Amino acid sequence: MEGLQLKLQCLGSDDFCLDISCQLPTGSTTAIYGASGSGKTTLLECLAGLRKTERGSTIQFGEDSWLSDSYAIPTWQRNIGFVFQDARLFPHLDVRGNLLFARGRAHGNALPLDTVCQWLSLHELLDRPCDQLSAGQKQRVAIGRALMSAPRLLLLDEPLANLDGAARNQCLQGLRSARDALQLPMLYVSHDIHEVSQLADHLLVLEQGKLREQGPLLELTSRLDSSLAHQEHAAAIATGTIARHDDHYGLTELQLDGQSLWVNQLAGDAGGQRRIRIPARDVSVCRQKPEATSILNILEVTLAEMEETSDARILLRLQLNQQSMLARITRKSATELELQRGDRLYAQIKSAALLSDTGDQP
Amino acid sequence: MSDPIQTAIWLTIALAATTTIILLLLGTPLAWWLSRRTGSATAAIEAVVALPLILPPTVLGFYLLIMFAPDTAVGRLWQQLTGTQLAFSFSALVIGSVLYSLPFVVQPLQQAFRRIPTDLLDAAATLGATPRDQFRSIVLPLTRRSFLIAASLGFAHTVGEFGVVLMIGGNIPGETQVLSIALYDTVESLRFAEAHQLAGGLVVFSLLTLFLLYRSDDNRWGLR
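Each protein sequence line maps, in turn, to chains H and L. Quick note, my numbering runs 870 ahead of the 1-based positions in the first sequence. Take the second sequence: its position 212, counted from the start at 1, is 210 in my numbering, and no numbers get skipped.
Keep in mind the hints are simulated off the structure, nothing from the lab. Keep in mind the model is a prediction, meaning the values are calculated, not measured. The C-beta atom is built at its ideal place from N, Cα and C for all residues, glycine as well. Keep in mind that the hints are not guaranteed to be accurate.
[As the list claims (entries may be wrong)] Residues from chain L that keep clear of chain H, each with C-beta distances beyond 12 Å, as calculated: (1) Trp31; (2) Thr40; (3) Ala48; (4) Asp69; (5) Ser87; (6) Asp117; (7) Gln132; (8) Leu138; (9) Val202; (10) Ser204.
[What the hints assert, rightly or not] Short, incomplete list of chain H residues facing chain L, as computed with Cβ under 8 Å: (11) Leu920; (12) Ile950; (13) Phe952; (14) Phe954; (15) Phe960; (16) Ala972; (17) His977.
Let's have the full structure, built from the sequences with the hints guiding it.
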């Protein structure tokens, strides 16, 4: 049996209680998303066996049962990798020593040191003591160390939270290479929806220790009943295929369900897939196709759903063909346009941010 | 130096070495256990461990003397197991010294263990290290200096003990007459030249031990 089945109850301090029961796919990367204090880290620690759970809690990973009322497989036998927010490198060992610590205890076939170093650009760090590394370097070593133990499941607890842009991208790139090469399932905790959107296929939203919702990322981000759609920075995630590059204007054309979307020029051959993030507040709608506008991207859409939000705005779900995007407009505009479900509209997209400019993302 | 003094020196070294080895074997798990717990039960055990620090050594010696007598349960059991008497024997001195020097070994280790972040051990566990492996490959290397301190203090303190030995060991050359007792003996019999050698030797030994300890590599990995 595939997947990860959880039924967890764990009491924390200050009346906090994680109480969650769910089934997660393990063929992909699942992001655990939520505000701080929502129980994300607690959930990971319970999975790793680093925290005591209440009676009745169970964890089933594929064929293996890790936790039941009668026993708990200890952390060191679960064959997981764990990347902590603070890298937690062993201070008495150098980088190589930390990596070899993990390899010496690997459960299955250990990875070659060389491969892991290549993914995370660790070669020039190997002989350095850990206290001479920058935050980004430490986290890369920590990720490498977790991979060296040849885990069957990689747990990551906000690994990029303390890093700046460049270091973040380096870590993300390394994680992606490892995931794709090893087909390694990951559970990725983050409070940053941007980060989540770059990496995850499946999303699990926690709120005050409870499961708020879960589902495929692309679907969940464009659903009106999802809590994500009601956030200030709500944005739909869509997948496009590179159609062509326009060197003259420095733009790249992506095909999005058969329509074209122009973004800043990016690397990659035609046919490659890219994820883009379309913020709801940057999308407006018109009844007629706008002429003579500076806005480059105008897509034909069908109004699939509409819902009033708490701040007297109207949230629209606009269907392309397979994919959807969100638009947030004022109630006044909605009334004046006499919007009805099923209307054919033109969506003007002021900005569409590319989520990754390296590697193919399905 | 006369023969009895040499005998006393060797006896003292043998006693201190035996005591230190036993203390490291017993004190390490005890210190680890204490370092990972809090609460009344832990505090009670810590108090018992620390007791020899403030208790007059003669008090400890007095109770041990009574316990080691041939007609007590402990004395009889020892007699049955070994066929020898426990009171006034080298073994009695070892037992007394272990109790008397216990805090000097347990406390530095306990403090060092407390400084090891649980986070590091958790990280090791996720990498597949069993608790024994975690102790061997993370805790031991990070607390090496504290082991040196604990062993040196345990050894030096045993060399310097007097009250307990006097109460339970008496003054049998080659069996229980250690240096501090031999010094007392020489002064009693007004052999001041020998007394000077012994006392001066002990001062130099103790100073040297402490100096070497304080000079040793301090807090290399910033674990405070």
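Here's how the hints hold up against the structure:
1. Trp31: It holds; Trp31 (chain L) is separated from chain H by about 19 Å at its closest Cβ, greater than 12 Å.
2. Thr40: holds, 19 Å
3. Ala48: holds, 30 Å
4. Asp69: holds, 50 Å
5. Ser87: Ser87 (chain L) clear of chain H: closest Cβ-Cβ about 43 Å, beyond 12 Å.
6. Asp117: Contrary to the label, Asp117 (chain L) does not stay out of reach of chain H, its closest Cβ about 5 Å off (not over 12 Å).
7. Gln132: violated, 8 Å
8. Leu138: violated, 10 Å
9. Val202: holds, 34 Å
10. Ser204: holds, 31 Å
11. Leu920: Hint holds; Leu920 (chain H) Cβ to chain L Cβ min 5 Å, cut 8 Å.
12. Ile950: The hint holds - Ile950 (chain H) has a Cβ within 8 Å of chain L, the shortest such distance being about 6 Å.
13. Phe952: holds, 4 Å
14. Phe954: holds, 6 Å
15. Phe960: Cβ of Phe960 (chain H) sits 6 Å from chain L, so the hint holds.
16. Ala972: The hint holds - Ala972 (chain H) has a Cβ within 8 Å of chain L, the shortest such distance being about 5 Å.
17. His977: Holds, because the Cβ-Cβ distance from His977 (chain H) to chain L comes to roughly 6 Å (cut-off 8 Å).
The structure is inconsistent with the numbered hints 6, 7 and 8, although it conforms to all the rest.
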